[in-house]
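Q: In case you want the letters, here they are:
2 protein chains.
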Amino acid sequence: MAREPKLSLIPLGGLGEIGKNMMVVRFGEAIMLIDCGLMFPEEGMLGIDIVIPDISYLLDNKEFVRGIVLTHGHEDHIGALPYILRQIKVPVYGTKLTLGILQGKLKEQNLAGEAVLHTVKPRDTVEIGPFKVEFIRVSHSVPDAVAVAVHTPIGVVLHTGDFKIDHAPVDGQVTDFHRLAQLGDRGVLVLLSDSTNVERPGYTMSESVVGNTFDEVFRQSEGRVIIATFASNVHRLQQAVHSAVEQGRKVAVVGRSMVNVVNIACELGYLHIPEGTLVELEEANRLPKKKVVILTTGSQGEPMSALTRMAMSDHRQVEIIPGDTVIIAATPIPGNEKLVARIIDQLFKLGANVIYEAVSGIHVSGHPSQEELKLMINLARPKFFVPVHGEYRMLIKHAGLARDVGIAADHIFVVENGQVLEFTRRIGRIAGKVTAGRVLVDGLGVGDVGNVVLRDRRQLSQDGILIVVLTIDQETGLVVAGPDIVSRGFVYVRESEKLLEEAREKVKCALEKCEQRKISEWSTIKSQVRDALNRFLYEKTGRRPMILPIIMEV
Amino acid sequence: MAREPKLSLIPLGGLGEIGKNMMVVRFGEAIMLIDCGLMFPEEGMLGIDIVIPDISYLLDNKEFVRGIVLTHGHEDHIGALPYILRQIKVPVYGTKLTLGILQGKLKEQNLAGEAVLHTVKPRDTVEIGPFKVEFIRVSHSVPDAVAVAVHTPIGVVLHTGDFKIDHAPVDGQVTDFHRLAQLGDRGVLVLLSDSTNVERPGYTMSESVVGNTFDEVFRQSEGRVIIATFASNVHRLQQAVHSAVEQGRKVAVVGRSMVNVVNIACELGYLHIPEGTLVELEEANRLPKKKVVILTTGSQGEPMSALTRMAMSDHRQVEIIPGDTVIIAATPIPGNEKLVARIIDQLFKLGANVIYEAVSGIHVSGHPSQEELKLMINLARPKFFVPVHGEYRMLIKHAGLARDVGIAADHIFVVENGQVLEFTRRIGRIAGKVTAGRVLVDGLGVGDVGNVVLRDRRQLSQDGILIVVLTIDQETGLVVAGPDIVSRGFVYVRESEKLLEEAREKVKCALEKCEQRKISEWSTIKSQVRDALNRFLYEKTGRRPMILPIIMEV
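Chains as they are written, first to last, in the working numbering: chain E, 1 to 554; chain F, 1 to 554.
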């Protein structure tokens, strides 16, 4: 009897987070992917726009890749698709709203016609090579999210995607416990589960509590109510619309991505806005203040967003005035705290009342807390457990939870991106590592900015640059023009003429020494100049600008 | 009868926070300062080391400044003194430990001999011009912290400094309620109170709970315990030492600032370490792991700190191994979350058990929560209330609390840095604005980096720089060398030869056009070159590097 092929799971991509953006499921010579997301650059990735997973492994195994399955429509799960589909043409499966959001992105990149998209519904099953892939309803901060059960020849791999357990979801679509329980009952080989909120004890509150807060705030506000939230949180938009209708307010939508999502969600039937409720901003500006709600983007303090421009009194159509109430219905993503804080301060200074998370609990998470995580493990009762979607310390914590609810320690695998997890029906093990990592996208360049460029940008950002140019006569070897010094980002030139003049003298000195010692190698001359300037400038200013000698020859 | 001079209060300095770093108290022609702190640079202040308050107002009124009073020894309250004392020579008053910490900083800046320092004790009163300044014990995250009651001819100004109400302080020194109550009883004109934690309901926990956690962790750990915390939190160090002694562990101290503070605090009697407890790291490395505690810096993930180097396996003397327990006894300061998270992940990957705030509550704040703030207002029963030490939204919140406990809304002043608050015995009002702001310190330069330099650094950091050099014969006007193109931080040059070659062609083209049109003005030529390259590069790469044309003449 031939040996049965092995099942491999390989998390790819991620900055710090593991298995978030892309998960490879491989059985023998068939590969399918779960999600295909992007990341936002970390501090230090200067000038980088977005980061996508390194898919060298997939390109090496291109002929085996059979399909991509999407769990939901958030950027970190679908945002890399336009890049990946250019290199690997395979069908994509997702629910209606997920594919609706994706279509918008594909259009922006002129790929709309090229992708083969298959719409699925919860409880649908599709065949992708040897895999039977089943979609299971879960609650999350975007509608139409699903978990994925991959029925492989040797057992079921259950991937939760991003989920929470919301007993009173806005759209009435409760996480499909029944199917999860059935699967658990029949036997799940591996459970991969969302670790984002594993550090939070208890339960994540229902999205519907946000609606109650909206109701209350709308009632108490004598002026306009401006709500900033994630555009994709259609549930929250729905609740804002609902509160608005109840209290006779009209709704205006501001901000490109908010307008896009509202359009898609309305069109596809995920957002219900009674006729006459939606108004243009111009009309809203003519209505009594108490009759207006504005939905907008910028809940993360993004510098170019509508809310930031309003806070900075820089928005063409919305001027914040005393009496306005601004609700920031989001928690700052780590790294954005200061941006958001500044917006809140500015809004207060303009006289608005600001309702924000630290003082109001106006945001609830879309991810499961500890008790929900335990419930998921107990429903699925997997043989093997792999925490995913989290930074390393969270996976460690999630592994601890899994042990607490009875999964054997040696059946739990905490892995890093690129590590290959290999399973038979009976055993699981870490079986090597494939190339995994990040590809930086800067403007139109994908992967052309690497460590050298970033290191230069970092040095430039700290102390600027000082350029020394001189022209040498190639016959005599004498300096016939310069040395001239030009600096940027180093000192304020107008107030530093003396310093730069002295620096020029240092360069001349270094050049003379080279001449005396009959040094004519350009590289040596350049390094002499660089060293002399480095020493001198550090002594005088305590700074180390990049020093760039340029020699021309006539 | 001559009109009585007015009392003015002016908060100076601060990035976002108001009145944190320096408060001016002025009565007629006498000025005293409360605190003189520095700030750490915000995002976008590229290459800046620290930020100090703009003291133009003080320099304009130099002859009136009589003294500086310090509330406690934290950087944001004393760190700008070395810079300010160079410009304004006045006596400085503070408690023993505060001045001990300050002395260290003055020595580093070669100012130790020049400053006139007066040591005070709680309940001491000193005369500074027309002010009788009284020092009142408060609890905080550094020992020997005081509030300041300034008895002016028209009433008492009570400034809380940074404080908390700790009923079980580690050093037994409870906030001096009795004196605060007495002052309140006799009448306080203005209360200025710490708003840092105003967003937190309830009470801040006692520092002593951290000691209980230390006890427990020390007991459960079979290996070394490594504690990272703020060096100045001597109470916490004391508790670590206490737990170590109880359980027969020796203590080693690592990290420059930690070693400094431990030395000063021991010398001045604020930290008590039984003989034989402190060991050098070499000795600690020879002891059984269970017998060792290491105190270290780096609780904020600072890149050069001891803990970061340990986590990156880059510390010469401490190698993290499985079995180690690392306690990060601090909350990340906003902006440091990602740095700290990375350290925790790395430590877990090395096999350490990491105890950190999100999962353990191992850190308690040094600032008062809402109930403590209300208590302070009720103790002081001030006529006027001014929330300080906080960002604008926090002051707004604190003003709300003050209204809740009965201060009339028109007796509460939320101000910004530089705004002048003027008081008589009966009325308070905002009376104009003086120069206030930030002075950037970069290396040895104080205030020489401004908006132009920062803007350049920002552009350089995003897309790098492209330098175009050419040499022109001044007689013929012909290009005799170049154009050459050099770039840094833009693209990886080795892989972009074609792009740069094309760019060179664009430059040549632009130069030819200039020649045809008989343009000989360098500035025009440069801007033609810049425009041509800008367009070309943006089209090809989607990036906008700084373009710097340099023309030489022979």
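These are computed hints drawn from the structure, not numbers from a lab. Mixed in with the good hints there might be a few duds.
Which copy is meant is left open, so a pair is good if it fits within one copy or across any two.
[What the hints assert, rightly or not] Simulated pairs of lysine-lysine, DSS-like, Cα-Cα distance not exceeding 30 Å:
hint	residue 1	residue 2
1	Lys107	Lys508
2	Lys291	Lys338
3	Lys349	Lys374
4	Lys508	Lys526
5	Lys89	Lys540
6	Lys96	Lys508
7	Lys540	Lys107
8	Lys526	Lys62
9	Lys6	Lys433
For clarity, every value in this text was computed on a predicted model and none was experimentally measured.
Q: Hint by hint, say whether it matches the structure.
A: Hints versus structure:
no., hint, verdict
1, Lys107 <-> Lys508, "neither (58 Å within a copy, 37 Å between copies)"
2, Lys291 <-> Lys338, "neither (32 Å within a copy, 42 Å between copies)"
3, Lys349 <-> Lys374, "between (45 Å within a copy, 24 Å between copies)"
4, Lys508 <-> Lys526, "both (12 Å within a copy, 26 Å between copies)"
5, Lys89 <-> Lys540, "between (58 Å within a copy, 25 Å between copies)"
6, Lys96 <-> Lys508, "neither (70 Å within a copy, 53 Å between copies)"
7, Lys540 <-> Lys107, "between (54 Å within a copy, 21 Å between copies)"
8, Lys526 <-> Lys62, "neither (47 Å within a copy, 49 Å between copies)"
9, Lys6 <-> Lys433, "within (16 Å within a copy, 74 Å between copies)"
Hints 1, 2, 6 and 8, counting from the list given before, are not met by this structure.
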